[in-house]
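From first to last, the protein sequence lines stand for chains A and B.
Under this note's numbering, the first residue of the first sequence is numbered 1, with each subsequent residue one higher.
Under this note's numbering, the first residue of the second sequence is numbered 147, with each subsequent residue one higher.
Read the hints as simulated data drawn from the structure, not as lab findings.
Model, not experiment: these values are computed from the prediction.
Don't take every hint at face value.
Unchecked claim - For each label pair, taking beta carbons as the anchor points, the in silico distance ranges come out as:
no., chain 1, residue 1, chain 2, residue 2, range
1, B, 190, A, 99, 17 to 25 Å
2, A, 125, B, 185, 38 to 46 Å
3, A, 46, B, 165, 36 to 44 Å
4, B, 189, A, 100, 32 to 40 Å
As the list claims (entries may be wrong) - From chain B, some residues computed to sit far from chain A (all C-beta separations above 10 Å):
no., residue
5, 198
6, 202
7, 205
8, 208
9, 216
Glycine included, each C-beta is placed from N, C-alpha and C at the ideal position.
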Amino acid sequence: MDFDTQIKLAVYGHFAETGRRPSPDEVAKLAGSDVGSVLDAYARLRAQRVLVLEADGSSIRMAPPFSGVPTQHVVMVGGKEYFANCAWDALGIPAALHQPGEVHSRCGQSGEPLHLEVDFEGPEPSAWLFHCLVPAAKWWDDIVFT
Amino acid sequence: MLFFRSEEQVREWCTARGYSMRPLVSMDQLWTLAITWYSTRLQENSRRPKPDEMRAIFAGLGLVGDFWDPQSDSFE
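Take the sequences, apply the hints, and build the full model.
As structure tokens, then:
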């Protein structure tokens, strides 16, 4: 396994285990490496659209579907709390973890709460909708806005 | 990328912000997208879909046109 893949798996494994973003130091320890090498790998993983970093270049904002910061999309899986980057990623967390979950979010316009059970076959029947404002070709121009 | 209770709520949200309303996606369609993008994300050999693969995935869900084309230049 190449180094960047080791770092990616360390980051994603930490999110899956804790629901929270790891620090570069934690990733270095998990991968048996050093912080400088981890940050170099972060930059390459950003180019592959696997990670999104904060302006400091070292804190993980997104490891899709996981969010490194609290959002309005909260997903409970196996008794753990996760934050998703968007509505798509809210369903992406149970999909990534291969476990049933419960999505807690809200209507983008009215604020009405959404509680959606998700099992191995997908979400319970629901008339709620997903709306994406940004065209697919532009998603990564500003992925945080998207 | 947000959840909405109804089409009317989407319309109100777009109108209030001066945005064009985009194609609507059902929860079942969204689950297919979530599985396709993320079911292997924690595995060693995972990767994001390439543009041609994205088009095929979207088309399989009936999501077609420039809006869903990852290489469209119609939205400069």
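Structure-based check of all given hints:
1. For residue 190(B) paired with residue 99(A), a C-beta distance near 20 Å keeps the hint of 17 to 25 Å intact.
2. Range check, residue 125(A) to residue 185(B): about 21 Å between beta-carbon atoms, so the 38 to 46 Å window is missed.
3. Between residue 46(A) and residue 165(B), the C-beta spacing of about 28 Å breaks the proposed range 36 to 44 Å.
4. Taking 32 to 40 Å as the suggested C-beta distance range, the pair residue 189(B) and residue 100(A) does not conform, at roughly 20 Å.
5. Taking the minimum C-beta to C-beta distance to chain A, about 13 Å, the non-interface status of residue 198(B) holds against the 10 Å cut.
6. The non-interface label for residue 202(B) is consistent with chain A: the shortest C-beta to C-beta separation is roughly 13 Å, beyond 10 Å.
7. Every CB of chain A lies more than 10 Å from the CB of residue 205(B), the least distance being 12 Å, so the non-interface label holds.
8. Distance check for residue 208(B) against chain A: the nearest CB is about 14 Å away, which clears 10 Å, and the non-interface claim stands.
9. Non-interface call for residue 216(B) relative to chain A: violated, since the shortest CB-CB distance, roughly 5 Å, does not exceed 10 Å.
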